[in-house]
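A.B. asks: As you go down the protein sequences, you meet chains H and P in turn. Mapping to our numbering: the first sequence position 85 is 85, numbers consecutive. Mapping to our numbering: the second sequence position 194 is 194, numbers consecutive.
Hints may be right or wrong, so weigh each one.
What the hints assert, rightly or not - Taking lysine-lysine and the DSS-like style, the derived pairs with C-alpha atoms no more than 25 Å apart in a straight line are:
#1 P:165 <-> P:212
#2 H:217 <-> P:70
#3 H:196 <-> H:275
#4 P:165 <-> H:244
#5 H:275 <-> P:127
Keep in mind that the hints were calculated from the coordinates and are not lab data.
Here is how the chains run, residue by residue.
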Amino acid sequence: MTTLLETSKWSERRRRSAELVERWAFAAEVLGFYQALLDTQEAIFAETRERSLEPSQVAAFSAEFAVPRVIETSIDRGPERLGAALLERFHEVEVDEIVRRWLGDGALSAVERYLARAATGPILEALDQNAVSAATEGPRDDRHCPACGGVPQLSYFATSAEDLVTAHRYLECSRCATAWPFTRMACASCGEEETKNLSVFSEAGSLEAELSGGIVKHLAGAGKDARPVAQFPHLRVDGCQTCKHYILNVDLSRDGRAVPVVDELAALPLDLYAKELGLTKIAPNLMGF
Amino acid sequence: MKTATLTGRGGTWVAAKARPNGSATSLAYGVIEMASTVSRQDFLKLTGIGIGALAFSELGFDLAKATAIKRELRIANATESRSICPYCAVGCSMIAYTRPDTNGQPQLLQIEGDPDSPVNEGRLCPKGATALQLASSNRRVEHPMYRAPGATAWQQLTWDDMLDKLARRIKDSRDRTFVAVDKKGNLVNRVDGIAFTGGATFSSEEGYFAAKVMRGLGLVYLEQQARV
Numbered sequence: 001m002t003t004l005l006e007t008s009k010w011s012e013r014r015r016r017s018a019e020l021v022e023r024w025a026f027a028a029e030v031l032g033f034y035q036a037l038l039d040t041q042e043a044i045f046a047e048t049r050e051r052s053l054e055p056s057q058v059a060a061f062s063a064e065f066a067v068p069r070v071i072e073t074s075i076d077r078g079p080e081r082l083g084a085a086l087l088e089r090f091h092e093v094e095v096d097e098i099v100r101r102w103l104g105d106g107a108l109s110a111v112e113r114y115l116a117r118a119a120t121g122p123i124l125e126a127l128d129q130n131a132v133s134a135a136t137e138g139p140r141d142d143r144h145c146p147a148c149g150g151v152p153q154l155s156y157f158a159t160s161a162e163d164l165v166t167a168h169r170y171l172e173c174s175r176c177a178t179a180w181p182f183t184r185m186a187c188a189s190c191g192e193e194e195t196k197n198l199s200v201f202s203e204a205g206s207l208e209a210e211l212s213g214g215i216v217k218h219l220a221g222a223g224k225d226a227r228p229v230a231q232f233p234h235l236r237v238d239g240c241q242t243c244k245h246y247i248l249n250v251d252l253s254r255d256g257r258a259v260p261v262v263d264e265l266a267a268l269p270l271d272l273y274a275k276e277l278g279l280t281k282i283a284p285n286l287m288g289f
Numbered sequence: 001m002k003t004a005t006l007t008g009r010g011g012t013w014v015a016a017k018a019r020p021n022g023s024a025t026s027l028a029y030g031v032i033e034m035a036s037t038v039s040r041q042d043f044l045k046l047t048g049i050g051i052g053a054l055a056f057s058e059l060g061f062d063l064a065k066a067t068a069i070k071r072e073l074r075i076a077n078a079t080e081s082r083s084i085c086p087y088c089a090v091g092c093s094m095i096a097y098t099r100p101d102t103n104g105q106p107q108l109l110q111i112e113g114d115p116d117s118p119v120n121e122g123r124l125c126p127k128g129a130t131a132l133q134l135a136s137s138n139r140r141v142e143h144p145m146y147r148a149p150g151a152t153a154w155q156q157l158t159w160d161d162m163l164d165k166l167a168r169r170i171k172d173s174r175d176r177t178f179v180a181v182d183k184k185g186n187l188v189n190r191v192d193g194i195a196f197t198g199g200a201t202f203s204s205e206e207g208y209f210a211a212k213v214m215r216g217l218g219l220v221y222l223e224q225q226a227r228v
């Protein structure tokens, strides 16, 4: 049975996608497709809940039930290249083998990864933690998901109940969307803690003094009318000079309506910026960025 | 009409799909024809997957608009540093964000509580939360200011003038209130007219130095909020 809370998870993702399509025209194609995919994913999630799956059945269920539906949605609503690649690819490959490799951290092409993830992600989200744990492989340490051992997709700062309290940072899993607390000032990929090697690339206008304007002496562009307006005041690129990886961070205290997984998906310009700096995302997101 | 055949554990699944708008799907047809003659790696190359210079992503999303926005972004590398609140003796941990200003000098732009600190777990008191202003408020007084006894206006002094004035006052107060022998006839050599208070940002070395200087003058009223 799907509970109200779980239903709201999908509707929250839909709500945020619709908001960001309005706000960020550059993300309209990605989010438009994502919105279509969310309906498919919610159906997969609900079907998983209806059945009592054993962990060993996850790959087969994904291949038989979820993958065809994801392919259908992708061909219908996705970019042509993706549709074409999906058509080409699956004449020759055992789909459940792709899913099994994804569950086991095996190497996959971008299209395979997309397919396995889009189809199997909602299944893992529907299972309880023990089942997820038994169905997946991967290290269980503070830089990997405690449930499935996957690498983090994104990082976010939670909101706190009080203005004077800064909330914890969390990482959210790229495989099963579980979130776990993580040190604020450390690389989520290699664990580097030396702050001189940790770069925070944030837009001018996104830090406290710039947002409020006029507090800090000699602040360029400060002042109520002149202050720079950031397009992504709640997003930043957390880069590590040691391992050359980055992760996008969503600050929910800056934008309480943000849904990290959706905002991360839509933040294409920041991904392009990070790529220009020679940084690689710890895990490409669902849409391959 | 596009078709795909899927082979999975459950048997074979065939998808047949036309684009809703009936648009051309020549790429898809071309791909299907190629599939029998080229390897998968060649296919990926041919379809431009992994070629970052093109305006399309790996999965075929158009990146032109996002690239244009990226060019407009004014992004700077902010640095996070751990620090400790300068005010009281609790010693709350803070995270300070600096970003280079137009001259390349680090500019302090944000301070917040450190959620990983066992001391304050991200919390700051109202005074600590405004610590940014202690460092860089545009209301901060940057020169010594002097208001003479009975005067209504402040005047700006140089640091040299201010230090001379302080030294003069200390010397005068000390000479006026110095007690060599107390009422019972004990030799005490103390100054009753000056008290000294050290602030919380004193380091151990500064505190040691201050205590030595003040004791050397004969002060007995010494107070210190030392902790860091």
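A.B. asks: Quickly compare the C-alpha distance for residue 217 of chain H and residue 70 of chain P to 25 Å and report which way the hint goes.
C.D. replies: Given pair residue 217 of chain H, residue 70 of chain P is violated - Cα atoms ~29 Å apart, limit 25 Å.
A.B. asks: Between the alpha carbons of residue 165 of chain P and residue 212 of chain P, is the straight-line distance 25 Å or under?
C.D. replies: holds (22 Å)
A.B. asks: Can you confirm whether the C-alpha distance between residue 275 of chain H and residue 127 of chain P stays at or below 25 Å?
C.D. replies: violated (40 Å)
A.B. asks: For the pair we were handed, residue 165 of chain P and residue 244 of chain H, check the Cα-Cα distance against 25 Å.
C.D. replies: The given pair, whose Cα atoms are some 56 Å apart, is violated under the 25 Å limit.
A.B. asks: Measure nothing beyond the straight line between the CA atoms of residue 196 of chain H and residue 275 of chain H; if it is 25 Å or shorter, mark the hint as holding.
C.D. replies: holds (20 Å)
Taken one by one, the earlier hints fail for this structure at numbers 2, 4, 5, listed in ascending order.
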